[in-house]
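Peer 1: Could you build all of it, start to finish, from the sequences and the hints given here?
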Amino acid sequence: MNAERPPVLIVGGGLTGLSAAVFLAHHGVRAILVERHPDTSTHPKARAINPRTMELYRAVGIEEQVRAGRSPISGNTDLVHVETLAGAERVRMPNATPEDIGRISPTQWTLIDQNQLEPILRARAVEVGADVRFHTRVDAVTEDQDGVRARVTDLATGRSEELRAAYLIAADGSRSPVRELLSIGAAGPGTITNLVSVFFEADLTEALRGRRIIAAYVNNPEVRGTLIPIDNDRRWVLNVSYFPDRGQRAEDFTEERCTAVIRAAVGVPELALKVESTHLPSWDISARVADAFATRRVFVAGDAAHVMPPTGAFGASTGIQDAYNLAWKLALVLAGQAGPGLLESYQAERRPVAEQTVRQAMLRFAVREGKQFQEVAADLLDETTVTFGYRYPAGAFAAEPGADAGPFEEPARPTGRPGARAPHLVLGGPHGPVSCLDLFGDGFVLLADGAAGDWTERAVAGAGRLGVPLAVHRIGPDGEFTDPEGAFRARYGLPLGGASLVRPDGFVAWRSTGRDTAPDEAVTGALRTLLDRD
17 MNAERPPVLI VGGGLTGLSA AVFLAHHGVR AILVERHPDT STHPKARAIN
67 PRTMELYRAV GIEEQVRAGR SPISGNTDLV HVETLAGAER VRMPNATPED
117 IGRISPTQWT LIDQNQLEPI LRARAVEVGA DVRFHTRVDA VTEDQDGVRA
167 RVTDLATGRS EELRAAYLIA ADGSRSPVRE LLSIGAAGPG TITNLVSVFF
217 EADLTEALRG RRIIAAYVNN PEVRGTLIPI DNDRRWVLNV SYFPDRGQRA
267 EDFTEERCTA VIRAAVGVPE LALKVESTHL PSWDISARVA DAFATRRVFV
317 AGDAAHVMPP TGAFGASTGI QDAYNLAWKL ALVLAGQAGP GLLESYQAER
367 RPVAEQTVRQ AMLRFAVREG KQFQEVAADL LDETTVTFGY RYPAGAFAAE
417 PGADAGPFEE PARPTGRPGA RAPHLVLGGP HGPVSCLDLF GDGFVLLADG
467 AAGDWTERAV AGAGRLGVPL AVHRIGPDGE FTDPEGAFRA RYGLPLGGAS
517 LVRPDGFVAW RSTGRDTAPD EAVTGALRTL LDRD
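Those letters in the sequence shown? Residues 17 to 550, by the working numbering.
Calculated from the structure, these hints are not laboratory results.
C-beta: ideal position from N, C-alpha, C; glycine also.
You can take every hint at face value.
With a Cα cut of at most 20 Å, we get these calculated SDA-like pairs of lysine to any residue: (1) K61 - D247; (2) K387 - V107; (3) K290 - E271; (4) K61 - Q130; (5) K290 - T100; (6) K387 - V96; (7) K290 - A218; (8) K61 - N248; (9) K387 - A303; (10) K61 - I208; (11) K61 - M378; (12) K61 - R191; (13) K290 - A223.
Derived CB-CB ranges, DEER-like: (14) P485 - A172: 40 to 46 Å; (15) P135 - A410: 34 to 40 Å; (16) V392 - L482: 43 to 49 Å; (17) E371 - G480: 35 to 41 Å; (18) G530 - G355: 27 to 33 Å; (19) A410 - A467: 31 to 37 Å.
Peer 2: This is the structure:
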């Protein structure tokens with residue numbers, strides 16, 4: 017049995033695992049990825065990538081490639097709750113307009129089927145140097161002070177080998193074998209409902225009544241499920257619930273049964289349709305969060321760390337954002353620029369976000385299951401706030417004393433505080449308008465008011481003594497970037513001559529408050545602390 021030692025071993029070749037391979041490569045880290053399935057997903061599954069995640073893909077240079085693979089339903093906007101598609105709407109979920117999002121982000125929602133996105137990510141991962149091995153099963157995982165050992169088997173040849181890595185990312189799905197091997201539990205409601213996916217062809221023009229739906233959540237005495245367009249024409253999928261505790265089975269969905277539930281969902285008793293297959297994929301909707309997101313050398317991400325109902329389209333993006341949070345931290349630790357304490361911030365930051373996001377998805381799911389919208393409205397946050405407004409309660413940043421500890425802020429009114437996403441602002445650059453978010457993604461960045469003194473150069477020198485590159489960008493009349501809206505200091509909560517230190521993942525690590533007698537030393541001190549440097 018041969019032993020290889022990559023810096024990072026990724027287990028799981030879905031959206032989170034493949035994204036992790038791309039993000040790690042962006043920071044110069046080589047990874048081996050293993051996935052037990054022979055190929056990427058053939059099911060549409062997750063169909064919406066939120067704008068925050070598109071910012072991450074933008075940062076690693078694949079935003080346009082992802083957008084080019086978008087689904088035929090990309091122009092659709094309606095999320096409706098109905099008794100039947102042909103009947104009256106119970107609720108139409110509010111969605112942010114492109115104009116609203118444009119004030120918060122340089123990018124937008126992208127509707128792309130999972131079976132279209134995964135091949136893009138796989139090809140990119142291979143292109144940037146990841147060793148991607150599908151049809152490979154993990155049989156055992158052990159860890160010690162120096163690294164992780166994994167015994168894997170090539171399922172095509174039956175050949176086993178041992179891989180030795182410094183760290184392992186478990187992105188191997190909701191039933192994560194790695195999480196089980198490490199005895200990491202999970203808490204939450206668990207399985208909420210079982211479903212089968214019925215693909216069919218039909219003309220639903222009359223029932224749609226001109227609506228362009230992303231999804232219609234159907235709830236009536238005969239069927240509970242979700243109608244989703246595939247090609248925005250005649251192909252559809254109905255994800256329909258069944259109930260094992262009532263003696264129901266996926267095998268009960270014969271062609272006759274499928275035809276009946278489709279007609280009941282659409283609300284047209286004599287609807288002409290064609291069921292595409294009676295070999296139906298079955299799956300479940302669950303809600304739970306892993307008890308731990310990390311051990312000494314293993315990090316749990318994506319569905320292995322948290323699962324949630326698809327209502328809200330938060331699940332896939334939350335997992336991809338896990339990977340982005342982790343990639344730069346692993347890169348700095350592996351390069352010797354940070355101590356292991358930096359990696360402890362992964363759980364401190366991402367687990368609370370997962371808990372809050374699961375809660376928001378569950379509130380939306382309650383409406384899908386028949387609860388009145390008014391019953392949950394007081395606790396329901398809009399999708400833009402859930403997407404952009406989450407804040408880390410603790411982690412790799414210099415927390416400000418007395419700061420509001422709430423888990424969310426309103427993205428249209430950002431605070432700029434440490435632990436929050438650095439706000440988007442359109443700047444005037446040497447080559448035209450640019451989002452300040454496009455300045456992030458590689459290393460630490462100091463955004464400084466144009467009136468800031470030469471202390472910023474001393475901050476660069478202090479970071480250099482730590483072996484950490486620090487880029488400085490001055491904003492304002494005397495800076496390299498202009499501030500056409502005059503909003504930089506207000507959006508980032510800065511005094512005249514102040515600055516904001518932004519992490520490689522676009523979150524604020526520190527900002528000047530006007531009370532710093534030596535702001536350059538404050539920057540160096542913040543870096544030293546968050547990087548776990550003596």
